[in-house]
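If you're matching them up, the sequences are chains A and B in order.
Using this note's numbering, the letters of the first sequence map in sequence onto residues 299 to 777.
Using this note's numbering, the letters of the second sequence map in sequence onto residues 299 to 777.
The hints are simulated quantities; they were obtained by calculation from the structure and are not laboratory data.
Everything numeric in this text was worked out from a predicted model, so none of it was measured.
A few of these clues could be false.
[To be verified] Okay, the calculated beta carbon distance ranges per label pair: (1) 633(B) with 777(A): 29 to 39 Å; (2) 521(A) with 554(B): 42 to 52 Å; (3) 720(B) with 457(A): 47 to 57 Å; (4) 534(B) with 521(A): 51 to 61 Å; (5) 351(A) with 487(B): 16 to 26 Å; (6) 689(A) with 483(B): 26 to 36 Å; (7) 635(A) with 777(B): 50 to 60 Å; (8) 488(A) with 408(B): 45 to 55 Å; (9) 431(B) with 388(A): 40 to 50 Å; (10) 483(B) with 777(A): 24 to 34 Å.
[Unchecked claim] So the derived list for chain B, only partly shown, Cβ under 7 Å to chain A, looks like this: (11) 482; (12) 708; (13) 710.
[Claimed, not checked] In the EDC-like style, the derived pairs of lysine to aspartate or glutamate whose C-alpha atoms are separated by at most 20 Å in a straight line are: (14) 347(A) with 485(B); (15) 703(A) with 485(B); (16) 368(A) with 522(B).
All C-beta atoms in this analysis are idealised placements derived from N, C-alpha and C, irrespective of residue type, glycine included.
2 protein chains.
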Amino acid sequence: MNICQTNSKLVLRLSKKLLLLLILQFSFLISISGYLLSQENALDLTDFKNRAETIKNLGLSQEKAYEFLKILTSVGSRLTGSPEAARAVELMVRLMSDLGFDQVWKEPVQVNHWVRGKAEKGLVKSQKFGQRRINICALGNSIGTPSNGIEAGVVEVNTFDRLSELKETIEGKIVFFNVPMDRTIVEPFAAYGRAAQFRLRGASEAARYGARAVLIRSVTYRIDDYPHTGLMVYDEQYPKIPAAAISTSDAERLSRWLKDDPELRIFLKMHCQQLEPVISSNVIGQLTGTEKPEEIILVGGHLDSWDLSPGAHDDASGCVVAIEALRLIKESGLRPKRTIRAVLFMDEEFGGTGGRAYVRAEARQKEKHLVAIEQDHGGFVPIGLAIGGGERVLNKIKTIENILKPLGINWIRTGGGGVDIGPLVEQGVIPGSLIPDSQRYFDYHHSALDVPSAVHPRELEFQAIILAIVVYFLAQEGL
Amino acid sequence: MNICQTNSKLVLRLSKKLLLLLILQFSFLISISGYLLSQENALDLTDFKNRAETIKNLGLSQEKAYEFLKILTSVGSRLTGSPEAARAVELMVRLMSDLGFDQVWKEPVQVNHWVRGKAEKGLVKSQKFGQRRINICALGNSIGTPSNGIEAGVVEVNTFDRLSELKETIEGKIVFFNVPMDRTIVEPFAAYGRAAQFRLRGASEAARYGARAVLIRSVTYRIDDYPHTGLMVYDEQYPKIPAAAISTSDAERLSRWLKDDPELRIFLKMHCQQLEPVISSNVIGQLTGTEKPEEIILVGGHLDSWDLSPGAHDDASGCVVAIEALRLIKESGLRPKRTIRAVLFMDEEFGGTGGRAYVRAEARQKEKHLVAIEQDHGGFVPIGLAIGGGERVLNKIKTIENILKPLGINWIRTGGGGVDIGPLVEQGVIPGSLIPDSQRYFDYHHSALDVPSAVHPRELEFQAIILAIVVYFLAQEGL
């Protein structure tokens, strides 16, 4: 072994040491810079809390969501395809423009155009006790009766099984589905889901056995004189027959009358029909992100309503809290890093064509939606927040749990979703919903009672405030 | 050492061993029996859950609390000392008797008898814009004006400090306390507490500087034409002067008018006065405990109301949910081990004489109250449960947290209390309150708007159901 060898070995050893040192130093630098970067990006919770406080104070002192609700409901009911829905589109474009959102635009949606026509007529005719009027309304999508009406005997059922048992007796009759919402279910939407199936598919189930029409007990807990409409669908296998809702008061009476006189007959006249499809619009407004404008936090509701009322809860409330959330962020002087977008979807009630048109729109190609929050549970005081995306997202949102709790958000859970954001969720976008207390919701839902006075300005504003805080957090922090 | 000695030592040793064995055996038996006893007494949660389910189903399907509310409010307003309050006493005795409670009785309470007399008159008189009517109502306990009224210039203030600054200008004037409830405070009761101090002691604070009368902005978030009354008290150091509430709409207008014409004068005529005290009653009904009848779980509200409305929320709701809670337990076939008692206190609004009379009643000597639950926050959907007694009690109640949560009880916290149970709590009784969402409460509170239609049958019933489950749990488990 000569000196060179020794030297070269030494050099090798030194080189190895140096390399190791360099590697260590490098990884130290990486970890340090990573740490510094994460420090720079970490949410300053105290600062965020102050911003949330500004949003809350602005919202509660002004209660602008309710002002917007009055503007939107001023057009009257907004049935998909109707002139009123078209006016609502223009009104909301103007409102969001006047509020100074960064961008406001419309995107086309082709929608069905069903019309009720003249008010329906419903009569009970009995040999025993004469003639009595009943409060009915056509279900959305139903065909009308022949112009001289339908008159037939009645079969009352309270399950599809019972209908099937009685199938021999159905031919030529009007089937009366008298199924109350189950009051013992705490969560009204769960009870609604069960009872609404008779409204949705009762007509075809009855037509299958030869029924001439169906009457569906209105889906509400209350016993009153207001029929509640809603969507029905036909199974193409069976003949289309007229379908109407009957008020709960009259459903109770009709059931008693039928016990008294099983031979009584009902006369129905309904003028509803499908017209040609119409080109309508989704309405979109946004605060464009300063750093990642292509990443979108969406919050929205649906602009259409049923035709019996201005749909104050369903879903003017969802539209105006989305608008108000953006206004609160803007007026608080906050500039979101990512884009916060309010989408007022057209045509939730007749099948969600607006939600589908939204995802198909060309502009979506260059965008990445992180979260889509749909508000369509009424404008009541919010009690919880539901969000998809699993534990990771849940934990992220829980960063601001202590800011949301004092505002009445008792829980943050996995959930969220809705008809309008369904197509986005199918593409992997994380759904969310602010959940209000809904014990009163079905009193108003799809009936003439869903008017602005049924919405409380302060309860509604809490929705906008909490949405503003949540979407601003997501716009800053991403997911 | 002889054999005997040895033997006696042996006997001693054996005896010692035997003694030890006996002691060990005895303590084993004690611990075993203790274990067996505790097993026997341990709450069977599955069984309890089934009982709670029965209570819930019965309550939600019948909504009897609202029926009782209609009965109680049918007498009209129930001002302490009034004939209507006396009728309410008899009506509630009959209701609880008809419901088959084990014992129903009255206990005497001497109450003040303040009367409003003829409707008040309030006019604004301006040289600039003429005469305008304002909506006012006397505050409870106020003296009237002289029979020909009071007319004076007006000084508007929004703090007691401001009043003090302006003290040189107050002599001979009407002081107008124009202090809105702070909308930015999330919890309405907290905002109420701050704003109500002007109603409570504004008159004497103004009289101190020579004011002739005070007008207090009504304590509500809403801007409307309904004045809200409430108790005021006089500081005996200063002259008594008339005190009235002015509607929020008129408070806003008056403030504008004063800017326009600082010289405007107000004319007030109020006919209210104190009559002789009256003997009235607390009304009590109970399900007597089967094992420890002397141990009492109390739940109640106050039977009196202000005179401007039938006090549907304040506090007919508190009375009827207490009654309904007992009915639900009874009708579910449950026999509580300890006594569950509904107490409808007379005279919460005029100072809580009913609550004080209750603790002084002779029958209390033989009783031991474990918990007293007061419901006086309106008949809205319950969101949480507040209870005193510290961690131990909190943990005990949390045994049934998972039964209460699905019914909407988002939290169980330290708290509870109220005017009526105050004297019990002073004696060491643990207070409790079921806390409803109260965002709408002050819309109605102490005004003509507090009518049955402002209460929702299902929301109210949830209170009764949860109270029934909680008081039944306490009656079975003790504290």
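The hints, checked one at a time:
1. 633(B) with 777(A): 29 to 39 Å: Taking Cβ atoms as reference, residue 633(B) and residue 777(A) lie about 55 Å apart, which means the hint is violated.
2. 521(A) with 554(B): 42 to 52 Å: For residue 554(B) against residue 521(A), whose Cβ atoms are near 46 Å apart, the range 42 to 52 Å holds.
3. 720(B) with 457(A): 47 to 57 Å: 54 Å, holds
4. 534(B) with 521(A): 51 to 61 Å: 55 Å, holds
5. 351(A) with 487(B): 16 to 26 Å: 20 Å, holds
6. 689(A) with 483(B): 26 to 36 Å: With Cβ atoms ~35 Å apart, the hint holds.
7. 635(A) with 777(B): 50 to 60 Å: Hint holds: Cβ distance 53 Å, inside 50 to 60 Å.
8. 488(A) with 408(B): 45 to 55 Å: Taking Cβ atoms as reference, residue 488(A) and residue 408(B) lie about 51 Å apart, which means the hint holds.
9. 431(B) with 388(A): 40 to 50 Å: 42 Å, holds
10. 483(B) with 777(A): 24 to 34 Å: With Cβ atoms ~33 Å apart, the hint holds.
11. 482: Nearest chain A Cβ about 4 Å off; hint holds.
12. 708: 3 Å, holds
13. 710: 12 Å, violated
14. 347(A) with 485(B): 18 Å, holds
15. 703(A) with 485(B): 12 Å, holds
16. 368(A) with 522(B): Answer holds: residue 368(A) to residue 522(B) is near 17 Å, not above 20 Å.
Going through the hint list in order, the structure does not satisfy hints 1, 13.
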